[in-house]
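Listed below are the residues making up each chain.
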Amino acid sequence: MNIRRYALGAACVLALAAPAFADTNVTILHVNEVAAAKTLWDKIAADYNAAHPGVKVQFKYLENEAFKAKLPTMLQSDDRPDLFYSWAGGVMQAQDKAGLLKDVTADLADVESNMSATAVNAFKVDGKAVGVPFEMGEVAFYYNKKLFAQASVNANDIKSWDDFLGAVKKLKAAGITPLVVGAGEKWPMHFYYAYLVVRIGGDGALADAKANKDGGFKSATFVEAGKRLHELAALDPFQPGYLSTSHAQSAGVFGDGKAAMDLMGPWLLGMQAPNSASGKGLAEDDIGILSFPTVPGGKGKATDTMGGVNGFLVSKSAPAAAIDFLKFFSQDKYAKEAAATGAYIPVVKGAESAITDPLQRRLASDLAASTYHQNYLDQDLGPSVGRVINDISVAVAAGQMSPEAAAAAIQEAAEQQ
Amino acid sequence: MSTVEAAHSEPARRMPANGWAVVVIFLPPALLLFTVFVALPMAEAAWYSFYNWNGYGRPDRFIGLKNYGYVFENPAFARALINNGLVIAVSLLIQLPLALAVAMAVARRVTWAVWFRTIFFLPYVLADVGAGLIWRYMFDGDYGLAASIAAGLGQQPVYLLASKDWAFTGVLIVIVWKYFGFYMMLYVAGLQGVDKSLLEAAEIDGAGPWQRFRHITLPQLGPMIRLSIFFSVVGSLQLFDFVVPLTGGGPFGSTNTVVSFLYYFGITRMRVGFGSAVGVLLFLICVIFAIVYRRLFMRDD
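Protein sequence lines, in the order shown, are assigned to chains A and B. With the working numbering, the residue at position 200 of the first sequence is 200, and numbering never jumps. With the working numbering, the residue at position 49 of the second sequence is 1049, and numbering never jumps.
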């Protein structure tokens, strides 16, 4: 009697405990605020969990700045996520150097062979893959077609920097604010500086500066980029009070049709309506895309692009299930779903054909035809030098700093690193 | 004062028999908490400040005092120190006198005075971040209160927070608005302890309201005023919470305080050594101020 009771009890305990032993939790930390992306990711996790009993994949969200501030501590604690969102670049390299990332070159070679080589290379450190990209973006001018028509500016005629300055002057003369920028957060202004560096210095500009060639960041390329930015800013093209405008506010200004152009990433399309005063924003048909103009005498091509490359990094203690999930996640069908719902522009080859949105389609074709893709400078160079680039971009545009002093400040930050 | 004298006059006071038990039981937990959460982190920060370290792995690039050099070379740090000085000046010259004046008006035990006390105290209860966001909207030249006022006057909108010369004035306005209620409450409490019979006696002797305030109320409020100055100086040195939502330290680092400078130039740039150096400097400033002030002004309180 007693023995049976004990046996039954033991069996119950075992029955409860058994799945607990087999359970593998895979946590993924991210900062993505796009609702379509979140929905898709939760669905992928649910699909995977259903197909793999005993494995529980879970996406966890942290706000952007909180994520960046907490991650170093989290990765060095026992509470580290198995996979986490990354912009590649300098921070990723620092994480790898500290031995916090897993080498997944062999595990994911198959998956990556089916992806954009630029994006895959962004997630390699010294030829070793430490993560998998899922999205790529292009920063470009979004313009308000109605305001362009009102000032009789033809977007197709804007090819060079001088054409662009001419358009700015024309808009200004028509009483329209030519450009909106959320310079209160600084990084939106860095898009101008970064693109100018790419257009002037070409694909080797950044590598040369990092290698300390021709004075490093004090080289003619960086000084020239500052001069061009200042030349633009001298036309007073930005919305009033731009130095304190936040990124979200700036998207609203564009959505309200109060400024003609916004140099921004693809997420602007999702942000301009909710942040506008009317809540409706611009109709997609009224928005056009214009690539950043070429600079006369510059080494960069019109087809060179600048924008983000995002992916998931694998932390050192990630279980095998985490890597297996990454393969599952990178499937063609999910990439196509991301493309079709407009969540983001996927890096899986051929998935861009599923994009329905004409503006995103344009960005995807630019990226597919890209001759050189530059990651955001503030990500590529890491936070220490990157934030200095953001600071000086605003200071140069506002005439608070000379282009030479700005270039010297970047170099100084690079040397202090 | 009398207790101090008593302690001195009583020669070699011995600890009561159960005194050691109290020490043995109560001291270790307090000492442990203090060591783990106060002393150790401070020592660690001091140690990090000698390294070039991004927070990953162990600090291993020893650079001596270079971080301190970088801090002093940075023009934004000088600006942050000046800003902290401005906050202290405004606290002492505007906020505390204002708080005292309002306290005199609302210290009476009548209904309307109690209501006004509550109203003036409310901003202090509000979370700093919330206050920052509210005022960011108030100062906004497109849709905020500033925009409405400018439109009402038929003027071009003013973007206070976008001006490097005026943005910090905006921060100062918010500081005075937010904290004067707290000091008002301190003074109201102090005023209730002022001996009424002294005031009556002075009135009978023919002293006017100003004379009564100057020679009776103010001296009796002395300890409270000295305490409030101490609070407001230490509080301004630690000012951080609403600078972030209000201005983010900008434009061009013109509205940073020392702590927001530490955050924007140390933490967000992953320069842990640099940030630690700023922390150590701030700590030294606070400690020196606290010791000197207590020695000079609060000896008797």
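Derived by calculation from the structure, the hints in this document are not laboratory data. The beta-carbon is built from N, C-alpha and C at its ideal position, and this holds for glycine as well. One or more hints might be untrue.
[As the list claims (entries may be wrong)] Computed footprint of chain A on chain B, listed as stretches where at least three residues anywhere in the stretch have a Cβ under 8 Å from a Cβ of chain A: (1) 1267 to 1279; (2) 1286 to 1296.
[Said to hold, decoys possible] Lysine to aspartate or glutamate pairs mimicking EDC-like chemistry, simulated, CA-CA at most 20 Å apart: (3) B/LYS1066 / A/GLU415; (4) A/LYS172 / B/ASP1142; (5) A/LYS258 / B/ASP1142; (6) A/LYS68 / B/ASP1241; (7) A/LYS70 / B/ASP1241; (8) B/LYS1164 / A/ASP103; (9) B/LYS1164 / A/ASP236; (10) A/LYS128 / A/ASP163.
[To be verified] One side only, chain A facing chain B, incomplete, derived with CB under 8 Å: (11) GLY184; (12) LEU232; (13) SER244; (14) ALA248; (15) ARG387; (16) ALA395.
Here's how the hints hold up against the structure:
no., hint, in the structure
1, 1267 to 1279, "holds (count 5)"
2, 1286 to 1296, "violated (count 0)"
3, B/LYS1066 / A/GLU415, "12 Å, holds"
4, A/LYS172 / B/ASP1142, "19 Å, holds"
5, A/LYS258 / B/ASP1142, "11 Å, holds"
6, A/LYS68 / B/ASP1241, "19 Å, holds"
7, A/LYS70 / B/ASP1241, "18 Å, holds"
8, B/LYS1164 / A/ASP103, "47 Å, violated"
9, B/LYS1164 / A/ASP236, "17 Å, holds"
10, A/LYS128 / A/ASP163, "43 Å, violated"
11, GLY184, "6 Å, holds"
12, LEU232, "18 Å, violated"
13, SER244, "4 Å, holds"
14, ALA248, "12 Å, violated"
15, ARG387, "5 Å, holds"
16, ALA395, "6 Å, holds"
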